[in-house]
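Protein sequence lines, in the order shown, are assigned to chains A and B. With my numbering applied, the first sequence corresponds to residues 1 to 486, in that order. With my numbering applied, the second sequence corresponds to residues 487 to 736, in that order.
Simulated from the structure, these hints should not be mistaken for lab results. Take these hints with a grain of salt, some might be off.
As the list claims (entries may be wrong) - Result set (DSBU-like, lysine-lysine): computed pairs, CA atoms no more than 30 Å apart in a straight line:
| # | chain 1 | residue 1 | chain 2 | residue 2 |
| --- | --- | --- | --- | --- |
| 1 | A | Lys430 | B | Lys626 |
| 2 | A | Lys172 | A | Lys282 |
| 3 | A | Lys430 | A | Lys172 |
| 4 | B | Lys505 | A | Lys463 |
What the hints assert, rightly or not - Sample of chain B residues lacking proximity to chain A, with all beta carbon distances greater than 12 Å (derived):
| # | residue |
| --- | --- |
| 5 | Asn512 |
| 6 | Gly536 |
| 7 | Gln550 |
| 8 | Glu565 |
| 9 | Glu576 |
These numbers were taken from a predicted model, which means no experiment stands behind them. Note that beta-carbon positions come from the ideal geometry of N, C-alpha and C, so glycine has one too.
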Amino acid sequence: MVEQQVISRETGIEDTQYRWGFELDIKSDVSPRGLNEDIVRLISAKKREPEWMLEWRLKAYRHWLKLDSQGPQWANVEFQPIDYQDMIYYAAPSSQSDGPKSLDEVDPEILEGFNKLGIPLEEQKKLTGVAVDAVLDSVSVATTYQEMLKKAGVIFCSMSEAVQNHPDLVRKYIGSVVPYSDNFYATLNSAVFSDGSFCYVPPGVRCPIELMTYFRINELDTGQFERTLIIADEGSYVSYLEGCTAPMRKSHQLHAAVVELVALDGAEIKYSTLQNWYPGDKDGRGGVYNFVTKRGKAQGRGSKISWTQVETGSAITWKYPSVILQGDDSVGEFYSVALVNNRQQADTGTKMVHIGKNTRSTIIAKGISAGRGNNTYRGQVKMMPTAGGARNFTQCDSLLIGDECGAHTIPYIEVRNPTAQLEHEATTSKVSDDQLFYLQQRGLSLEESNYMIINGFCRGIFKELPFEFAAEASQLMRVSLEGTVG
Amino acid sequence: MLLEIRDLHVSVGETDILKGLNLTVNPGEVHAIMGPNGSGKSTLANVIAGRPEFTVVRGEVSYQGRDLMALLPEERAREGVFMAFQYPAELAGVRTWQFLKASVDAVRKHRGMKELSIREFDRLLDEKRRMVRIDADMVKRSVNEGYSGGEKKRNEVLQMAMLDPTLAVLDETDSGLDIDALRIVADGVNSFRSPSKAIVMVTHYQRILGYVSPDRVHVLLDGRIVRSGGRELALELEEKGYDWVRAEAA
Ligand SMILES: Nc1ncnc2c1ncn2[C@@H]1O[C@H](COP(=O)(O)OP(=O)(O)OP(=O)(O)O)[C@@H](O)[C@H]1O
Ligand SMILES: [Mg+2]
């Protein structure tokens with residue numbers, strides 16, 4: 001069993017709350033600061049990409065130039081304008097600049113770094129039951145369990161490898177769910193995306209183990225622009241998890257990822273995230289800007305896409321994992337816990353777009369606000385004229401800790417089919433003194449009592465996580481709230 | 487002496503609630519506290535358990551010879567002070583099983599006992615919940631959420647049995663119970679009785695005292711214990727109400 005070791009607390013940093021904040025001492029190959037066509041070409045060349053890939057990147061870059069350089073303004077978050085010319089768009093450990101190698105060739109310093117993060121990659125130590133693709137800054141450094149996956153016919157590799165080895169699949173599906181022109185950050189990602197994971201599960205195959213990508217930003221002033229593409233062919237099933245951390249830096253770091261999921265007839269994709277990017281210090285200095293576009297297309301009849309996210313990190317989170325319910329009888333789910341503390345801001349939620357008949361979606365979003373954090377749930381449910389008999393159930397619950405934090409719920413509903421049905425429930429609560437005293441009277445400390453209530457609040461979401469990660473998630477909540485409760 | 491309360495004055499905000507209360511409880515004893523609504527019975531129970539809203543303005547409470555007021559609520563619990571709540575809180579999403587395990591672990595750890603394995607814990611829980619007729623499915627549900635009034639009370643007795651306290655303060659644990667449940671709760675309390683433990687029962691009804699025979703019955707009126715006696719006092723109160731006590735106390 002993988003017990004609480006996926007993102008370990010034991011990183012050797014004692015005097016701070018964020019225990020993943022150490023820096024790896026490795027030599028990196030970094031691009032010059034700033035963004036222009038040459039940088040896009042350089043990234044593409046580094047990855048020895050085919051011409052079509054470069055063309056696609058350039059199209060995106062040229063489109064991006066036409067957009068408002070401040071990005072979308074509608075989110076309920078505040079931050080200083082980002083200087084896109086002062087950022088580094090490509091950084092790779094020098095030893096890895098040729099892309100992933102066999103494990104024996106991976107720099108020991110890197111392996112040690114991932115060990116410290118609780119993600120051992122070496123054969124003897126690797127996590128049981130989880131295949132891991134480890135991404136450091138802009139490149140994937142290793143992927144475990146290759147043999148077992150190969151036997152099952154599952155392709156799980158870095159995006160760079162996929163472009164080389166499975167160009168037809170990549171070309172067919174990349175941008176098919178999140179087009180390069182989708183939004184400011186997705187467009188930027190399309191131009192400069194570095195690495196990420198690629199997964200293809202063939203028809204009728206149930207992926208034998210959990211797949212996981214672990215993202216780590218290490219280099220200073222580097223943006224991370226990974227791109228993930230998962231395709232579940234007819235009647236297949238895959239469960240995928242991503243985890244992420246970054247060192248503590250005084251300056252902000254941009255993370256603008258794109259994730260695309262495609263589920264064909266009868267296929268199911270379960271996508272879980274433990275987002276633990278560096279949240280910044282108490283006064284809001286430093287921290288990752290997590291501006292991410294995640295979308296799944298439940299394309300086939302009876303297909304299912306399920307997003308589960310536990311968002312505890314980042315200075316700002318801006319993300320709306322969505323499902324386009326295109327196939328008849330397809331199902332979309334969104335289960336989320338977003339926690340903000342200190343000066344963290346989160347504007348997160350989902351979009352469920354019902355196109356097929358009898359499509360069903362469920363949204364359960366839990367927001368926890370502590371310190372001076374600001375939490376916004378923003379969710380859209382759209383029932384298209386074709387979506388006869390479609391159903392949505394939405395439940396948004398907010399839990400407030402202290403009285404300087406904020407919680408907001410902003411639902412958008414658009415129903416264009418009279419037979420579609422929607423249900424919406426929302427609650428806001430505080431941890432009550434009665435509850436705390438009840439637990440203390442049974443021998444638990446005030447802090448323990450708070451965690452127990454908060455964990456209870458999240459239970460409906462944690463139970464959606466793969467078993468191994470549920471304990472990790474509750475551990476993460478605890479660490480994120482340390483010193484705030486009790 | 488297990489518990490000794492001397493000249494206890496307690497207020498909440500500007501309001502004085504307890505106004506010079508005295509009570510002595512020895513090991514092995516069962517004390518019943520009766521009194522009209524609003525007289526301060528729950529306040530007394532909460533002060534013993536350490537509820538922070540209440541301010542002890544004057545007086546002393548000692549437990550096993552130590553100053554009880556100096557301890558945090560959780561420390562009191564670990565030291566063997568248990569309170570069954572008049573209105574037990576609901577804990578959404580927290581399974582009763584998990585809650586009980588955490589409390590039992592916390593209390594045992596403090597007492598220098600080793601943590602129970604899941605199997606040992608389950609065995610203990612099965613035994614105790616059978617005693618109060620709580621079925622296995624119920625302990626998988628969220629604590630008190632959607633429990634009926636009577637189920638909540640039985641759940642309080644279950645917790646008492648699991649935590650094995652030295653002093654149990656039961657605040658109207660017999661209220662709202664059907665005839666069978668009253669017996670079940672009474673049996674639970676009786677099986678808990680021992681020469682080293684003591685029980686303080688707040689109740690409005692003499693009925694429970696027929697099952698759990700008290701050593702002393704006290705009348706709490708306007709923040710003070712104004713009369714004490716044996717079981718017959720409860721019967722007298724049932725017959726005549728509180729007015730005569732009030733008249734005599736004035
Ligand atoms: N938190 C509080 N704030 C203000 N007044 C309070 C508070 N708690 C208790 N009181 C008041 O103190 C008095 C005693 O309350 P308490 O709950 O102890 O009564 P009781 O004897 O248990 O009554 P009952 O038989 O109805 O349970 C009441 O008048 C009540 O309104
Ligand atoms: Mg009361």
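Each hint, compared with the structure:
{"no.": "1", "hint": "A:Lys430 - B:Lys626", "result": "holds, 24 Å"}
{"no.": "2", "hint": "A:Lys172 - A:Lys282", "result": "violated, 45 Å"}
{"no.": "3", "hint": "A:Lys430 - A:Lys172", "result": "violated, 48 Å"}
{"no.": "4", "hint": "B:Lys505 - A:Lys463", "result": "violated, 50 Å"}
{"no.": "5", "hint": "Asn512", "result": "holds, 23 Å"}
{"no.": "6", "hint": "Gly536", "result": "violated, 8 Å"}
{"no.": "7", "hint": "Gln550", "result": "holds, 17 Å"}
{"no.": "8", "hint": "Glu565", "result": "violated, 9 Å"}
{"no.": "9", "hint": "Glu576", "result": "violated, 8 Å"}
Hints 2, 3, 4, 6, 8, 9 from the list above are not met by this structure, while the remaining hints are.
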